[in-house]
Amino acid sequence: MSRIDPADWKRVAPALDEALDLEGAAREDFVGRAFEGEPRLRALLRELIKAEDDAGAFLELPVALDEEGSAEDAMPAPEVSGYEIVRSLGRGGMGVVYESVRRLDDFEQRVALKVVRPDLDGEILRARFARERSILAALEHPNIARLLDGGTTDDGRSYFAMEYVEGTPLTRYADERRLTVDERLALFEQVGAAVAYAQQRLVVHRDLKPSNILVDENGRVKLLDFGIARFVESEGIDASATLTREGARVLTPEYAAPEQIRGERSTTATDVYAMGVILFELLAGRHPYGDSREGAYEFAYSDRDSESLERAVDATTGDAVVQARKTNFRALRRRLRGDLANVTAKALHRDPDRRYPSASALMDDLAAYREGRPVAARSPAWSYRASKAFHRHRAAFVAGGFAIVALVAGTVTSTLLAREAQREADRSERAIEFLVRMFEDTHPDQARGADWTATELLERGADRLASSFADDPVVLGQLERTLGAIQLDRGDFDGARALLGRALGRPGLEDPKAVRLAIARVEVQRNAIAEAESVLTTIDEATLGPDQRGDFLESMASLRRQQARSAVAESLSRVASEISLARYGETSAEYADDLDNLAVHVADQGRQAEAVTLHERSLAIRREVLPDPHSDLAIGLHNLAYVLDQLSRSDEAVARSDEAIAMQRALYPEGHMTLARSLRAHGQILYRSGQLDAAERAVEEALAMTRAEIGAQSKDAATCWNELAIIAYYRGDLPTTRDRFEHALELYESELGPEHPETLGIANNLATVQAALGELEAAEGTMRDVLARRRAIYGEGHFAVAFSLNALGLVVRRQDRLEEAIELHRGALERYHALHGDEHAMVATSRIHLSHALRENGQIDEALEHARAALALRRAQLPEGHRDLVDAAFGAGACLLDVGRPAEALPLLEEAEVGLIALHGASSDRVALASARLGECLVRQGRVDEGRARIVAAVRALEAARDAGDRELRMAREALDRID
Amino acid sequence: MSDSEDVTRLLHRARGGDSGAVHRLLPLVYDELRAIARRQLRGATGGTLSATVVVHEAYLKIGGERGLAARDRGHFFAVAATAMRQVAIDHARERSAKKRGGGAPHTLLDGHDLPVESRAEELLVLDDALTRLASLDERAARVVELRFFAGLDVEETADALDVSTPTVKRDWRRARAFLYHELGGEE
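Protein sequence lines correspond, in order, to chains A and B.
Under my numbering, read the first sequence as residues 1037 to 2016, first letter to last.
Under my numbering, read the second sequence as residues 57 to 243, first letter to last.
Here are the simulated DSSO-like pairs of lysine-lysine, each with C-alpha atoms no more than 27 Å apart in a straight line:
#: 1; chain 1: B; residue 1: Lys225; chain 2: A; residue 2: Lys1086
#: 2; chain 1: B; residue 1: Lys225; chain 2: A; residue 2: Lys1046
#: 3; chain 1: A; residue 1: Lys1046; chain 2: A; residue 2: Lys1086
The hints are simulated quantities; they were obtained by calculation from the structure and are not laboratory data.
Let's have the full structure, built from the sequences with the hints guiding it.
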């Protein structure tokens, strides 16, 4: 009876159930009708029914164990013609092994005779026995115990005769003869040869261990006991791709691969794992997980990575181990590092797909190692990742930190290097995993049963580290540096600053300059500009290496940008990009990074079009050089989107931003601060293009993610609130806007301080809302305050000052101080014009504000000029119905009306009314003034009743919604007066 | 020795679908069962023990006087059955290794099968076949595990797997048919 095919089982099983529910004739009937036209399945059904009938009490009695011996000892030696039994060597499950002498003519040969046990069930055993024999028959290799003969004993039992091997188990042999590491590797080569040979013949051993590997007097390795070996079923395709369906319970867990322990499929990679364990023992003198079987189970059922060879020789290693390798402690430690550790780690990887696929692959890599060639165990992407320039543009400074982690703990290096880098997933997450594990190792009682989020770990880990490693300040410093780098990466700038600062103070810190650069970056991120500058000036630029110099220049550039000295920033950036162009060439990630950064500085100086070109060039290079998805690709897309948005090329900006977000979602499926920030930026672009709902969703998601990653009391969370407030403002929901700004302001004040430039920005926003709600004096006071501080911090020409001037102008205008308003808006316009040229969105906005003020002050011609210019620009850049476009239309229309050109004014005012209705609803009072002016226009065009009705309605609406002294109400009444 | 509170807590989490908890449970329960098995074999019951007894004693220890909540109990037995299966195999192997004693330093064979009563080889082959069954018909294999390796009766099995008794009976029948068929020989 052959093994049941799963597809067959799927079909037959339900029929089996049904058939077994029936009896006698009914059952026969059913079977007779089942599987019409498929005699094979019907036959199988019959067999299964018969099996169930025959089964009797099979399995009914639960398994029981017996401490007493069974009647096995009294087993008579068999009679086998041609062989003389000398003595019993041992008993295995299937049979007994005897040392015998084979006599053929004058020829005498010592053999091991394996005979089936007499007391066991014949059928099953015979089959298994026969399989072992056929496996052995297929193998002929100097390092595999050879099959010599087989047959039946005189009393009908099966037997086979094997080459008799007198030897010592592998590890003991090596220790007894005090073999050096090289000699051990040579010995292992023989093992590899044997296993590779067997695998070529499609045999998986499945029970490799030192006691199955003997070394004879001549130093030759012999592999034994293919008792549970299996043929890999081949179906005419690559044998290693198809697997046996067996998962025999593992019998020697110490050497069993995790998938074996869990009862999953065994493949050639399973043997590779066992070889890894053996190699580890051979080299390090101990087992990867201590000596416990529990260790093997633990490992199989956990998520941990296997132990590293580098850690194997430590303070607990005894002298015996070192002496057995004829060396000293330090030399042994040094020897077991680097590629040798990498190769071992790859063989020991918990995921069979990540190991060497076969014994010969493992042996090839070992040969490469011994010949001094590069090994496959190190993936090429790693060295790329390790290149510092790769991360230059990012605030996160981890490349150096990671190398430190590797030196400290070993585990991380091995697992990372042996792991194929399939995606550029965040390396800080892996470092966190490592740290979590390390933490669990040192504090198992606290770790067990707890759900560690990265944040919690980092919070507690930092403290615990200090106490755990109090005796080893060098290690402590390195760990603090790593943790600091991780926190920087995750956007927790305060935490990063604290840890990196501590690391800087520890003795024996490698490359303190790099840490200082990292600190400088943190300070830039925290906008602690003065602090950043002071840290940077402690670094002597002349003593930096070229890569570090690039880093340094980049930091300085970021710094300068913050202070709006972007021309300086730009030239510094150019130098940096020339360095990378020379060093790495045009098609390199490093050059692309620098182009991207240069583009940012160029954009800051108002040359957006040029910036777009640079961004696009950088993106093109990145697309060529980096895999998709990749965080740098995403950043490049974001940067490009930002500039496109500044040029009001909204559709393109949204498209790029969408692409960036999608990419980052793929990179950070669990959420990450980078994704959170991107979502925020995405939200900005969306609301500036008018998609308020989508924008709100994006920012809400960003806020939730920010809360999860670094907490609600953070600058990033505050910024999210700011964006959400702006969205509410665009919706016209002033109370919500104000609430959100207040929330944001609170957070900014506590995180950055009340004097911080960004805090001031929020305060300004809040003031704008206050003004919108009619609290004009308060609003004005705040705004003047903000303006003064900005002037002091940024200097007169800065865009922040321009922004404040506009905001103040609006508030002042609402208090009817029109001339002041005009001055203010002019001031804003001048500055924006100087900064960004004519095409910029802020220039258009300023013109509109200015035009309104001029118009209301009676300076119609100039008002019209500005209104026209703004309208043209907005129309070219914005989609129909966009609030800024509608506003511009209103402004131009009102001007035209006031200079007595109602015919031209009409379409514009209609556009304005329609637009405002779409934005705020037909009954909203924000439509009223536009309606009133439109009504006035209609009257001037002869449509008197229609027009008048409109104005009246508008006045009513405003009377209902506003105070008596409201300007718009007054202006609407004036319109009514004019037509009457 | 595992802390019974840990196991209870892990059971709760396993019940909540936390697969990490399930993974951590197994070695703990395994330890428990092994300890109990060892104790029993050493003396009290005259040197034999039945899996049923071992598993139930482990349950008492972990569940305490009040026992476990119904669903936790089910989970416990499910895990215990798997662990007991391993204990049975391990134990017998241990014993056969011990039996050979100091003897020959250069054995050609290391005991890798286990005699269980007189059905030594069959248990190993059964194990194989059971694993194969698991990939075709998972619940049926679990039923076998629970009934044969943990000695649960039909009701208890139904409880542990959260299915009805007729379902258990049907699974059991089907599993026996498959296993008996498979044990009939291999190619």
